[in-house]
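K.L.:
Letter by letter, the chains look like this.
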Amino acid sequence: MEYFVQQLINGLTLGSIYGLIAIGYTMVYGIIGMINFAHGDVFMIGAFIALAMFLILTTVLGFTFLPVVLLIVLIVSMLFTSAWGWTVERLAYRPLRGSFRLAPLITAIGMSIVLQNFVQITQGARVKPLPPQIQGGITLMEGSTENGTILVQLSYMQIIIILTTVVLMAGFTLLISRTPLGRAQRACEQDRKMASLLGINVDRTISLTFVMGAALAAVAGLMFVLLYGVIDFYIGFLAGVKAFTAAVLGGIGSLPGAMLGGLLIGLIEVFWSGYFSVEYKDVAAFSILAIVLIFLPSGLLGQPEVEKV
Amino acid sequence: MAVSGTKTPVAGPQGDPNSLQASIKDAAMAAFLAGVLGFFFIGIRTDIAPGGLDLKMRWGAWIISILIVFAGRLLLNLFVYKTRRPVTRNLSIGLSGSESRLAQAGKVLKWGLFAFALILPFFFTTFFPGRDRQFIDLAILIMTYIMLGWGLNIVVGLAGLLDLGYVAFYAVGAYSFALLAQYLDFGFWLALPLAGLLAATWGVILGFPVLRLRGDYLAIVTLAFGEIIRVVLLNWYEFTKGPDGISGIPKPTFFGLELKRGEGGFADFFGIAYDPIQRFIFLYYIIFILALITNFVTMRLRRLPIGRAWEALREDEIACRSLGINTRNTKLTAFAIGAMFGGFAGSFFATRQGFISPESFTFLESAIILAIVVLGGLGSQIGVVIAAVVMIGGIEMLRNLGFLQQVFGSGFDPVQYRMLIFGLAMVLIMVWKPRGLISTREPSAVLKEKKRIGADMVAQGEGH
Numbered sequence: 001m002e003y004f005v006q007q008l009i010n011g012l013t014l015g016s017i018y019g020l021i022a023i024g025y026t027m028v029y030g031i032i033g034m035i036n037f038a039h040g041d042v043f044m045i046g047a048f049i050a051l052a053m054f055l056i057l058t059t060v061l062g063f064t065f066l067p068v069v070l071l072i073v074l075i076v077s078m079l080f081t082s083a084w085g086w087t088v089e090r091l092a093y094r095p096l097r098g099s100f101r102l103a104p105l106i107t108a109i110g111m112s113i114v115l116q117n118f119v120q121i122t123q124g125a126r127v128k129p130l131p132p133q134i135q136g137g138i139t140l141m142e143g144s145t146e147n148g149t150i151l152v153q154l155s156y157m158q159i160i161i162i163l164t165t166v167v168l169m170a171g172f173t174l175l176i177s178r179t180p181l182g183r184a185q186r187a188c189e190q191d192r193k194m195a196s197l198l199g200i201n202v203d204r205t206i207s208l209t210f211v212m213g214a215a216l217a218a219v220a221g222l223m224f225v226l227l228y229g230v231i232d233f234y235i236g237f238l239a240g241v242k243a244f245t246a247a248v249l250g251g252i253g254s255l256p257g258a259m260l261g262g263l264l265i266g267l268i269e270v271f272w273s274g275y276f277s278v279e280y281k282d283v284a285a286f287s288i289l290a291i292v293l294i295f296l297p298s299g300l301l302g303q304p305e306v307e308k309v
Numbered sequence: 001m002a003v004s005g006t007k008t009p010v011a012g013p014q015g016d017p018n019s020l021q022a023s024i025k026d027a028a029m030a031a032f033l034a035g036v037l038g039f040f041f042i043g044i045r046t047d048i049a050p051g052g053l054d055l056k057m058r059w060g061a062w063i064i065s066i067l068i069v070f071a072g073r074l075l076l077n078l079f080v081y082k083t084r085r086p087v088t089r090n091l092s093i094g095l096s097g098s099e100s101r102l103a104q105a106g107k108v109l110k111w112g113l114f115a116f117a118l119i120l121p122f123f124f125t126t127f128f129p130g131r132d133r134q135f136i137d138l139a140i141l142i143m144t145y146i147m148l149g150w151g152l153n154i155v156v157g158l159a160g161l162l163d164l165g166y167v168a169f170y171a172v173g174a175y176s177f178a179l180l181a182q183y184l185d186f187g188f189w190l191a192l193p194l195a196g197l198l199a200a201t202w203g204v205i206l207g208f209p210v211l212r213l214r215g216d217y218l219a220i221v222t223l224a225f226g227e228i229i230r231v232v233l234l235n236w237y238e239f240t241k242g243p244d245g246i247s248g249i250p251k252p253t254f255f256g257l258e259l260k261r262g263e264g265g266f267a268d269f270f271g272i273a274y275d276p277i278q279r280f281i282f283l284y285y286i287i288f289i290l291a292l293i294t295n296f297v298t299m300r301l302r303r304l305p306i307g308r309a310w311e312a313l314r315e316d317e318i319a320c321r322s323l324g325i326n327t328r329n330t331k332l333t334a335f336a337i338g339a340m341f342g343g344f345a346g347s348f349f350a351t352r353q354g355f356i357s358p359e360s361f362t363f364l365e366s367a368i369i370l371a372i373v374v375l376g377g378l379g380s381q382i383g384v385v386i387a388a389v390v391m392i393g394g395i396e397m398l399r400n401l402g403f404l405q406q407v408f409g410s411g412f413d414p415v416q417y418r419m420l421i422f423g424l425a426m427v428l429i430m431v432w433k434p435r436g437l438i439s440t441r442e443p444s445a446v447l448k449e450k451k452r453i454g455a456d457m458v459a460q461g462e463g464h
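Line order of the protein sequences matches chains S and F.
Numbering-wise (the UniProt record's numbering), the first sequence opens with residue 1 and increments by one.
Numbering-wise (the UniProt record's numbering), the second sequence opens with residue 1 and increments by one.
Extracted from the complex, chain F is given alone in its bound form (with noise of 0.2 Å):
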């Protein structure tokens, strides 16, 4: 209650809308509402008791939350919503006027970013052999979330196709690969690509139906899909072991290599010590490569007819029609080649795990994914990264840091709160600044020279 978005003042002649009376009063209303909003859930708890549903009361809270929304409310009223001069002014006026050297500060953020990426396992044996192993494993846990955010990227962000079954095809990746190397014997490599073959091809027979239906009803049927794949995995126990899911899918070798102790092993070849952190490393250059590819491909692809193709369409669908293209199957083949990209993360997260089952592919996977490609802002590649450091990185973050527990309590989880805070970022990214947190874009197709499209023409439906 305490955050929406442009409050119109209500000014009439005589009363001046700027007064703290108003402030007051405003907040006073969002607080009553928070009571209203809050009691049955934050004033009354329900717990099963023996004997039925025991009924608890927490007064303090639900006082305490109510408190919280006034105050959050009067703040923004004052220094935001009903005052002349918001401070939020200040912050745009300064963004904007210094588009340029942030695009400059984004160049060099890009490489800076990319040059520290391709060092992060050393720097971590280096700088924190302790912990080592725990930071390179979230690295490979940001890294897929990265490329997953780049392949779901390409269909939302630069097609303008709202996919909420993305997960389908991270399930379809992984399971090809633990089901071809359980029934083949198929090891990663071999079965990477087949993995992602396999993926835009159902990518192609999910999309080739609903591709003509308009934006919002592809996103329900899209995630419609992505259930019916998820059950349809967790039903058929005789061949992909249902809710047991499928275990000992074999690791990634290095030219043939295993990486393991002793003999023949990665180590031994090169004659050098072993050490189980070189698993981690060679998992953690593996996705970063596949990542890149991924990125690259994007990039490559935009400056050809179809990525131009796949951003007029996002931006106007019939005029593309009158145009002459053919709308069908370029949606077609930004769908197939995003969900390659998901199959590909999907048999890396498979080898990575060695264990995989339908738990991994629900909902809230494609809703994670979709909110980090819609905080990065859609269509932008280093918004993408950004988002997923934050987002998973911090959430990560989150659970190492002691003194919260101390605040809220012993039985405090940070984890707990994560979707939450995720679905709320979705919402105030979208409210405050609708192409997300990096809203200046390159343009692909440029006429004479390169005009930068500032975040306030963009809001404005100029450019893109």
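This is chain S alone, in the form it adopts within the complex (with noise of 0.2 Å):
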């Protein structure tokens, strides 16, 4: 029970990072109707800002309370990986929106090489380490087996992610029904001509819908940074496969169903690596997208998609 309650919190923990970056897929597939194949890299990319911001104000700066600095590294990471969501739209899928269905689809994987090299080149192939930095938690439950006791820990930081998430999604959802940047996603996502013969810009909604997703999946990196403690250039692949199989489980195009779904794969995967086997994990996420697009194609909360001829 007791170790069932702690994979049940660390599969929640994941499971928001994931949600964070399915938010990015899901956003630009229901606006452009395309998969965004280098968001798992541009997660990547936001790690990595991160990690670096946290040094200069850490080492160089030598700052040391810590909520400001990891308040400053999240702005500034959000800022700068937003440049990248913005570059990589602007240079890849924006030249070749009339083109056909495969030509964007292609440009992205060759833009997640393109993410992928830069980094490895600029930054080397070895992994980065950075030491635990939120320590402690608070003891929900206490149980004995016969290997002796065994507590069940939320620490801070997962309560940081958590709660991150939590305000994150409540901003956004706010954002997409209330104000007139979200009128003109929802309205881009039913009908791009018409929307833009209504008056909106179609180019630059489409633009900032890219820095959204970018912005929420640098916050997933720091977080990313912060819980395990390790990333290189290639940490964006898997997890973007993952965040993408969280936001079709979820039913693609939609914002609480990427969440959800991100969840969803956060506590299978945990689950699957607590009962079953650890070297197997990713073939089981990779299992359920699989079979999630065979039997049930428009995900847990999303619209079934009927092509127009």
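Don't take every hint at face value.
In the DMTMM-like style, the derived pairs of lysine to aspartate or glutamate whose C-alpha atoms are separated by at most 20 Å in a straight line are [unchecked claim]: (1) S:K193 / S:D203; (2) F:K251 / F:D185; (3) F:K241 / F:D137; (4) F:K433 / F:E315; (5) F:K251 / F:D137; (6) F:K56 / S:D203; (7) S:K281 / F:E359; (8) F:K241 / F:E315; (9) F:K241 / S:E279.
Simulated from the structure, these hints should not be mistaken for lab results.
Using the hints, build the complex out of the two chains.
P.N.:
Following this line, the structure appears as structure tokens:
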């Protein structure tokens, strides 16, 4: 029981990170109907920026008060990663907006390769470790097994991750449902041509969608650095595929769906590693992707897609 | 940042969009963006040091990168985007005007390349006796990629199904042969058809459930399957030896004759002197013939109803279905045939290396093969050849360029940049010429007379 609760907490934490990345996939898919294959690598970029900024603040400038440091890191990495998201869209997707269907997907794969190798070349291929910054937590339960006592801990780190995710999600839902920008996005989602006829700057709206997705990916990147303490240039690939799975599972195009899917994928992965085998945890995630796409293509909260001729 | 596709000039009634001022302003913006993007990556480097991470500033590299972007964007603005007479216009007019001449040249080029490939090993042994082994080995590598490219071209280029897990079938082929040889003592020639068959079967098994999916979903699921196969190969230690890989894979024989020194070998049987290069020449001809078979089968299939159905499917799936084409079976055949050739190439790879491990079958490999197909022009056979030669051969050649090290310092390793170049080329080609370098097409089906389909028409969605 204690083990189960602990895994549940771990799963929810991991799921929050996946959920934040998944939102980027889902929003882009909703608005231009393409899979932004490079989004996982934008997340990786965000993690690297967060790490570098953290080091600048702590070692070069000598800041010690952790909450302020983290807040600055968060804002800086969101800003800079957004610039990357914007550039990727501008260079690789916008010129192809009337091209055949596979074209943007191919450039997306190209962009993903470019980002990975750019980071590998400029930052080196070795992993970058960061010692745990936030330690301690609350002990929720205490139980005993034959191997001794087992504690259920909710670490402060996990609390921060889950809280940040909840706050960001709430803010985001408001942004989409209440602001003119959100309205423009939903309009573009429904009918891009009509939206542009009604005076919405479609290109700008799409760019902003990428910027927002990248900003959320940067948050996920920072959390990843803090939670795992190790990053390398390749983390974006697996995290990207898993987050995409989350977006599909929740119903692609649906924001609450992405969050729900992220949490589910996080839980499944953690429980799979906890109870079956760690080696095959990626297989579990990939299999879910295939199964969902085959049997439930519109996902849990998505709407079935109707192809019009 | 330096490159961007169709830049719409901001033409106002009073502002002249072509002015130098506008160009400089735009270039400055690009440079600013480059500075922002590069700051944490080019300007800063984190390295592992005793007691944590060490931060190093690289202002020089950062400023140089900004200047390069500024200059590049400025030149592009002045000569392409913001001028009334872009230099590229003459180029494209020249190209489209000479389409038929280009086609003629293509035909000559095709046969020229074929003839060269036919005599290639002897060309190298005669003219480069000192380095023949290295060159023939490179030719074998390129030929393997050509074959893989042609195999994937059936799936991506003809049927329009984006397969990001093609390397899975390559792995299936390689492991089928390696395991058959290890457990059942199969030779290369016996295992080759079986490996192809197994790969095709896997193609059907994996394809059957997923081929209902739309293009981009299909891409992701194939990617997932590719990874699943790799992870299984990595972790099923009892059967595949996991990360240790399988070694001692037998070499192919020439009608039962082994290419070895001494009694009963190939050289002994024909009464010629033994030379280790013979084995390379033999391997080269095996992959050359396998690649030719791939090409021949593809070209013939394009003439058959199934091939036409593939191309129709690529253009419009809904129209196909309303015309009564069984889309699932059509896709499945493309998938299976592509997988089969991947399997053949895989078992050739296993016999050439003599050792395989899951490391050789990562997503990167799929991406390289896809890049070759995309750069060559989706569906173009000769394009794949050119792209494979340029990309694989070009990168290998980079390794040997000593002067680059003199320019960039001794720590400079061009091979590091291989995938970066691949990725950039994929993006640039898609933006600049979405149908690849070779974008004119011989139509597969004709009504009365053959009409060439030019690149500009293709770009509008006409023809193929």
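K.L.:
Evaluate each hint against the coordinates.
P.N.:
Results for each hint:
{"no.": "1", "hint": "S:K193 / S:D203", "verdict": "holds (11 Å)"}
{"no.": "2", "hint": "F:K251 / F:D185", "verdict": "holds (12 Å)"}
{"no.": "3", "hint": "F:K241 / F:D137", "verdict": "violated (27 Å)"}
{"no.": "4", "hint": "F:K433 / F:E315", "verdict": "holds (18 Å)"}
{"no.": "5", "hint": "F:K251 / F:D137", "verdict": "holds (15 Å)"}
{"no.": "6", "hint": "F:K56 / S:D203", "verdict": "violated (38 Å)"}
{"no.": "7", "hint": "S:K281 / F:E359", "verdict": "holds (19 Å)"}
{"no.": "8", "hint": "F:K241 / F:E315", "verdict": "violated (44 Å)"}
{"no.": "9", "hint": "F:K241 / S:E279", "verdict": "holds (15 Å)"}
When each numbered hint is compared with the structure, violations occur for hints 3, 6, 8.
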